[in-house]
Amino acid sequence: MINLTQFPIYIDDDQRKAFGGQNVWRDMNLIPLKHGFSMTSFYNILMTIPLGFGLPFIVKVSLKKVMYIGLVAGLLFEMGQLLTALYAGYTFRFVDVDDVIFNFLGTLIGYLILFKLFKAIVESFITKFSLKSNSMINHIRNT
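Using the numbering used here, you'd call the opening residue of the sequence shown number 33 and step up by one each time.
The set of hints was computed from the structure by calculation and includes no laboratory data. Misleading hints may appear alongside valid ones.
Listed next, the in silico BS3-like pairs over lysine-lysine satisfying Cα-Cα at most 27 Å (straight line) [claimed, not checked]:
hint	residue 1	residue 2
1	148	66
2	151	66
3	96	148
4	96	160
5	151	92
6	148	160
7	97	160
Derived Cβ-Cβ restraints for the label pairs, each shown as a range [stated by the list, open to error]:
hint	residue 1	residue 2	range
8	58	147	35 to 45 Å
9	104	159	31 to 41 Å
10	112	91	50 to 60 Å
11	154	46	12 to 22 Å
12	97	154	49 to 59 Å
13	68	159	34 to 44 Å
14	99	61	16 to 26 Å
15	63	154	11 to 21 Å
16	115	66	21 to 31 Å
17	149	71	23 to 33 Å
All C-beta atoms in this analysis are idealised placements derived from N, C-alpha and C, irrespective of residue type, glycine included.
Could you build the full structure based on these sequences and the hints that come with them?
The following block contains the structure:
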């Protein structure tokens, strides 16, 4: 994800001249969903689905924690782009609040896919093997 959102970074005089018309602050979008939904929005969602899907395999998480991590990840990506643009003196990647929103949604979607997939697999095993009900199985069915 970092390679897609942060690199390449070109910092030389020729690049500054080529991109000199872009202003880091002027070209920033802080209005949510100003440009609607685009392929970039879709890519931002798609890019962070693995984060939400993989988190439960790394740390113990809840929905609230996944939501928090998704928000922080999106903010970090955009802050990285902002800091790079400020350092370079021009922007070649636009800082956009929509990216934060769509990164958050992608993380959430990834987590929910994992959760629903796990629940469906458990349900199919219960049905297929006629497992007897116990508290763990009932808990999974009720969530």
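Non-conforming hints, listed in increasing numerical order
Result: hints 1, 2, 4, 7, 10, 11, 12 and 15 break, sorted rising.
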